[in-house]
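Enquirer: The chain contents come next:
There are 2 protein chains.
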Amino acid sequence: MARTPKSFIREILKVTEDPGIISFAGGLPNPALIDVEGIRKAAAHVLCEDGKTALQYSTTEGYLPLRKFIAERYRKRLGLAVSPDEILITNGSQQCLDLIGKVFIDRGDHVAIERPGYLGAIQAFSLYEPIFHPIELLPDGPDPAMLDDVCSQYPVKLFYGIPNSQNPSGITYSERRRQEVASTLVGTRTLFVEDDAYGELQFSGNAPASLKGMLPDQTILTGSFSKILAPGMRLGWVCAPPAIMEQVIIAKQASDLHSNYLSQRIAARYLADEDLDAHIRKIRFVYKKQRDIMLLLMEETFPASVTWTEPVGGMFVWATLPKGCSAMDVFTHALREHVAVLPGTPFYVDGGGDQQIRLNFSNSSEERIITGVERLGRVIRALVP
Amino acid sequence: MARTPKSFIREILKVTEDPGIISFAGGLPNPALIDVEGIRKAAAHVLCEDGKTALQYSTTEGYLPLRKFIAERYRKRLGLAVSPDEILITNGSQQCLDLIGKVFIDRGDHVAIERPGYLGAIQAFSLYEPIFHPIELLPDGPDPAMLDDVCSQYPVKLFYGIPNSQNPSGITYSERRRQEVASTLVGTRTLFVEDDAYGELQFSGNAPASLKGMLPDQTILTGSFSKILAPGMRLGWVCAPPAIMEQVIIAKQASDLHSNYLSQRIAARYLADEDLDAHIRKIRFVYKKQRDIMLLLMEETFPASVTWTEPVGGMFVWATLPKGCSAMDVFTHALREHVAVLPGTPFYVDGGGDQQIRLNFSNSSEERIITGVERLGRVIRALVP
Numbered sequence: 001m002a003r004t005p006k007s008f009i010r011e012i013l014k015v016t017e018d019p020g021i022i023s024f025a026g027g028l029p030n031p032a033l034i035d036v037e038g039i040r041k042a043a044a045h046v047l048c049e050d051g052k053t054a055l056q057y058s059t060t061e062g063y064l065p066l067r068k069f070i071a072e073r074y075r076k077r078l079g080l081a082v083s084p085d086e087i088l089i090t091n092g093s094q095q096c097l098d099l100i101g102k103v104f105i106d107r108g109d110h111v112a113i114e115r116p117g118y119l120g121a122i123q124a125f126s127l128y129e130p131i132f133h134p135i136e137l138l139p140d141g142p143d144p145a146m147l148d149d150v151c152s153q154y155p156v157k158l159f160y161g162i163p164n165s166q167n168p169s170g171i172t173y174s175e176r177r178r179q180e181v182a183s184t185l186v187g188t189r190t191l192f193v194e195d196d197a198y199g200e201l202q203f204s205g206n207a208p209a210s211l212k213g214m215l216p217d218q219t220i221l222t223g224s225f226s227k228i229l230a231p232g233m234r235l236g237w238v239c240a241p242p243a244i245m246e247q248v249i250i251a252k253q254a255s256d257l258h259s260n261y262l263s264q265r266i267a268a269r270y271l272a273d274e275d276l277d278a279h280i281r282k283i284r285f286v287y288k289k290q291r292d293i294m295l296l297l298m299e300e301t302f303p304a305s306v307t308w309t310e311p312v313g314g315m316f317v318w319a320t321l322p323k324g325c326s327a328m329d330v331f332t333h334a335l336r337e338h339v340a341v342l343p344g345t346p347f348y349v350d351g352g353g354d355q356q357i358r359l360n361f362s363n364s365s366e367e368r369i370i371t372g373v374e375r376l377g378r379v380i381r382a383l384v385p
Numbered sequence: 001m002a003r004t005p006k007s008f009i010r011e012i013l014k015v016t017e018d019p020g021i022i023s024f025a026g027g028l029p030n031p032a033l034i035d036v037e038g039i040r041k042a043a044a045h046v047l048c049e050d051g052k053t054a055l056q057y058s059t060t061e062g063y064l065p066l067r068k069f070i071a072e073r074y075r076k077r078l079g080l081a082v083s084p085d086e087i088l089i090t091n092g093s094q095q096c097l098d099l100i101g102k103v104f105i106d107r108g109d110h111v112a113i114e115r116p117g118y119l120g121a122i123q124a125f126s127l128y129e130p131i132f133h134p135i136e137l138l139p140d141g142p143d144p145a146m147l148d149d150v151c152s153q154y155p156v157k158l159f160y161g162i163p164n165s166q167n168p169s170g171i172t173y174s175e176r177r178r179q180e181v182a183s184t185l186v187g188t189r190t191l192f193v194e195d196d197a198y199g200e201l202q203f204s205g206n207a208p209a210s211l212k213g214m215l216p217d218q219t220i221l222t223g224s225f226s227k228i229l230a231p232g233m234r235l236g237w238v239c240a241p242p243a244i245m246e247q248v249i250i251a252k253q254a255s256d257l258h259s260n261y262l263s264q265r266i267a268a269r270y271l272a273d274e275d276l277d278a279h280i281r282k283i284r285f286v287y288k289k290q291r292d293i294m295l296l297l298m299e300e301t302f303p304a305s306v307t308w309t310e311p312v313g314g315m316f317v318w319a320t321l322p323k324g325c326s327a328m329d330v331f332t333h334a335l336r337e338h339v340a341v342l343p344g345t346p347f348y349v350d351g352g353g354d355q356q357i358r359l360n361f362s363n364s365s366e367e368r369i370i371t372g373v374e375r376l377g378r379v380i381r382a383l384v385p
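In the order they appear, the protein sequences are chains A and B. Residue numbers for the first sequence, in our numbering: 1 to 385. Residue numbers for the second sequence, in our numbering: 1 to 385.
So here's chain A without its partners, still in its complex pose (with noise of 0.2 Å):
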């Protein structure tokens, strides 16, 4: 426990909840999207038809048409040839990498992460005390060379990734990068976490091919309804080979028996009645708004020596200040002005991070993304040297 980082996500969700501050720190879907009328009307139908069966303890598994319904449009959107029964519902994706956690890592186990990684997965995988190898992202995925090398000094057990709009880069990982972690892996005892919480949300509404589909058997899959239906539901899914399986079925048991079966009942009946493509569709279209609004005005006010990674889907910009400009600096002056941004360092288990901020542009409307970016540029004019 000592070695787990604090909660700088926990401390973000504080800073969100005060309205009078305009939050690029967060990571919440645009509650403007979350399609309530649907949900209640799920809600409804299933506690009125089935209320004392979906209020009752379930399979640790979880609802079965549900995971039917996640197989399936796994087929339909990835071609990827997936059972039921390889799919297990998790407390929203966070509890996947705390599975994944329980079950492969020990003290002292080798883990390969992005740099920048996804800050949830480094909190969940400190628990089990593993040597972190940080990855160096390119703008079009991970560092092959650095992959390599890695995987040949260590006995790396898992590389965890998020091939689609990473969380916090944005980046996407070209078909090439795809294909290179693949042909790393492919073989070696080295499993590849696939992170797709954004797989979703690429604006241009196709998916590139999932790691999944090229390491079939040494992938664990993992996925969300939190950026697609609602994060209050906390629904997610990891699909995972039937032998991994049956030890996260073991971890999850252990762990709180089984997922919230009233949501999972609220979800299905939602999936069945409602049209999620469409729903998707909409999701897709505001946010990318959202993202061309905030890359514009940081191209209007931020100063030339700042970059940034233009993401084509998901929810975050990062961007990366001149020497002698300090995030924590960027961060304290822009809280001042009422504008919350989140300085790069906890992205990093090895240091670093010091001149990166990651924006969220999901969850702020176009009014108050202006707003707030016009400050944000005005506090780091200042700062730059």
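Hints are computed from structural coordinates only; laboratory data are not their basis. Take the hints with a grain of salt, since some may be wrong.
Identical copies go unnamed one by one, so any copy, or any two together, can satisfy a pair.
Below are the DMTMM-like pairs computed for lysine to aspartate or glutamate, each with C-alpha atoms no more than 20 Å apart in a straight line [stated by the list, open to error]:
(1) K41 with E300
(2) K157 with D217
(3) K282 with E367
The model shown is predicted, which means the values in this text are computed figures rather than measured ones.
Position chain B relative to chain A; hints supplied.
Expert: The following block gives chain B in isolation, referenced to the frame of chain A:
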């Protein structure tokens, strides 16, 4: 992972899915006692009035009004002075055990547990690879000499117990045994984990004094809405002193960010609108009747050489078979008669339980209890040497 006992609970839940089986094996509440209509109304209110918030991400600690309700109920019911800040909402109380394991147990740490001990705790803690020290349960609580002995010989980090209507034994600690536990542990570095899943289900309506009141700084108290509201909502809580709570929050966040917020909001609304005390009185009344019928039929149909506990609350009767009559044989033969019982073996960390079976009386109607126990009596009579 390899040392974690395979899932009996999971297999049991599967058996109970077959409506043709009279199951005394599981630990499910009676579905007739879930207030579906009240929960449906609460869900409708929450989703109509504040859906966007209830479906968004929330804080790791849990919904404050729900934590306030729990703290206030502890004050009124048990005279405990507990602040809402000392309470964190979990995914059922099973998750409390996982979080406690995460925070406190490193491989090789010493953990004392009742003998027989709760299977869910054995499973949750086993993942963190402690050395278990079973403390024999006398008819009115843990053997004080054995607890003294273990605690003086080893640096015991935790003693885990269920003082009210223990699972699996049905035993409730007497006032004297509670005092003994407190006086053995007070001032030592051993924490008492007081699992109070059944405290509200004492048939007399009077809850005995909580260990938390006797050992406030050394007790971690866990509770659950599964037995008094609905298990499918997966709502439990852990109540711990501030210094411990800080670590529990970090572990909870790394595990799954926060518990299902929609269910927390529905539960809080239900508890504000409905009369929980009246609902619990109803549950006690029905379970007491079901227990009475089960004990009466056991008296009538079981051979005199079988003995059993007479629980004053909770959900379970614990029966001991005579030498030469194995619980596994009873299990196998009973299943052929479409009756399921739970053999005692998985409740022992050091072997044992070959002569014990656990019988659940909460989840079967009176008719099914009569039929089931009669069949079971026939099976046991045929097997007793």
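Enquirer: Confirm or reject each hint.
Expert: Now the hints, each set against the structure:
1. K41 with E300: Cα proximity of K41 and E300: none, with 44 Å in one copy and 51 Å across.
2. K157 with D217: Within one copy only: 14 Å inside a chain, 40 Å across chains, cut-off 20 Å.
3. K282 with E367: Only inside one copy: K282 and E367 sit 19 Å apart there, 54 Å across copies, limit 20 Å.
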